[in-house]
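A.B. asks: Kindly produce the complete structure, drawing on both the sequences and the hints.
Residue numbers (the working numbering), protein chains in the order written: chain A, 1 to 114; chain B, 1 to 115.
There could be a bad hint or two in this list.
[Stated by the list, open to error] Label-pair distances were calculated between CB atoms; the ranges are: (1) B:S27 x A:N21: 43 to 53 angstroms; (2) B:S22 x A:T44: 18 to 28 angstroms; (3) A:K81 x B:E52: 34 to 44 angstroms; (4) B:S79 x A:T11: 21 to 31 angstroms; (5) B:E103 x A:S69: 18 to 28 angstroms; (6) A:E5 x B:R63: 42 to 52 angstroms; (7) B:L115 x A:A50: 39 to 49 angstroms; (8) B:S27 x A:T57: 17 to 27 angstroms.
Please keep in mind that the hints were generated in silico from the structure rather than gathered at the bench.
Predicted model, so just to flag it, every value in this text is computed and none were measured.
By construction, the Cβ of each residue, glycine as well, lies at the ideal position given by its N, Cα and C atoms.
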Amino acid sequence: GQSLEQPSEVTAVEGAIVQINCTYQTSGFYGLSWYQQHDGGAPTFLSYNALDGLEETGRFSSFLSRSDSYGYLLLQELQMKDSASYFCAVRARTDSGGYQKVTFGIGTKLQVIP
Amino acid sequence: KAGVTQTPRYLIKTRGQQVTLSCSPISGHRSVSWYQQTPGQGLQFLFEYFSETQRNKGNFPGRFSGRQFSNSRSEMNVSTLELGDSALYLCASSLATSGGNNEQFFGPGTRLTVL
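C.D. replies: Structural data, given as structure tokens:
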């Protein structure tokens with residue numbers, strides 16, 4: 001099976017930097033994705049890491065260490081609109097059929113305060 | 001390009017009833033996945049369909065079922081509803097290519113309330 005762990009809540013100040021960690025256990029790992037979901041909205045894709053290292057997209061960056069089964073999402077220059085839930089998701093090969101399956105973490109609720 | 005659509009958006013049912021939810025993926029997307037979202041439980045994977053075949057299935061009882069049609073539209077059905085089935089049901093579509101990030105595009109969800 002697959003399991004992911006991420007903090008349930010994080011609070012950070014507007015303009016600051018926050019890091020949301022995600023550790024996972026799985027076999028047949030392909031990559032780690034991050035999604036953002038505002039209250040009442042649908043999850044939207046932020047980033048995907050298949051290889052070790054840092055991927056940067058504007059104020060958001062995502063990091064992966066395959067050897068440590070660990071990744072994080074880094075949000076810089078926090079804005080009030082960044083208050084949302086952030087989900088890490090592992091894409092891995094299923095036990096049978098050779099298909100790929102996406103498993104989501106429980107989500108981290110980020111609150112940005114003035 | 002139109003996004004993923006789900007109908008209905010809201011639904012109220014009573015225990016013991018059954019319900020069918022519908023999802024239309026983005027044009028060209030052949031993979032449709034269903035998730036149940038409840039407070040504190042994150043997104044729980046229900047199943048994934050690709051080209052009318054169920055490829056993956058989560059750990060839900062047999063009361064939860066689904067299907068996909070030749071136009072990639074998908075439906076999920078929940079029979080003998082229980083109070084615990086109250087949740088937001090999200091549908092996501094993707095290109096499901098062997099490479100790439102396989103980004104999933106989510107619909108707005110169907111909010112099901114079981115009384």
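A.B. asks: If a hint holds in the structure, say so; if it does not, say that too.
C.D. replies: Now the hints, each set against the structure:
no.: 1; hint: B:S27 x A:N21: 43 to 53 angstroms; result: 37 angstroms, violated
no.: 2; hint: B:S22 x A:T44: 18 to 28 angstroms; result: 21 angstroms, holds
no.: 3; hint: A:K81 x B:E52: 34 to 44 angstroms; result: 40 angstroms, holds
no.: 4; hint: B:S79 x A:T11: 21 to 31 angstroms; result: 42 angstroms, violated
no.: 5; hint: B:E103 x A:S69: 18 to 28 angstroms; result: 22 angstroms, holds
no.: 6; hint: A:E5 x B:R63: 42 to 52 angstroms; result: 29 angstroms, violated
no.: 7; hint: B:L115 x A:A50: 39 to 49 angstroms; result: 45 angstroms, holds
no.: 8; hint: B:S27 x A:T57: 17 to 27 angstroms; result: 26 angstroms, holds
The structure does not agree with the numbered hints 1, 4 and 6 stated previously, though it agrees with the rest.
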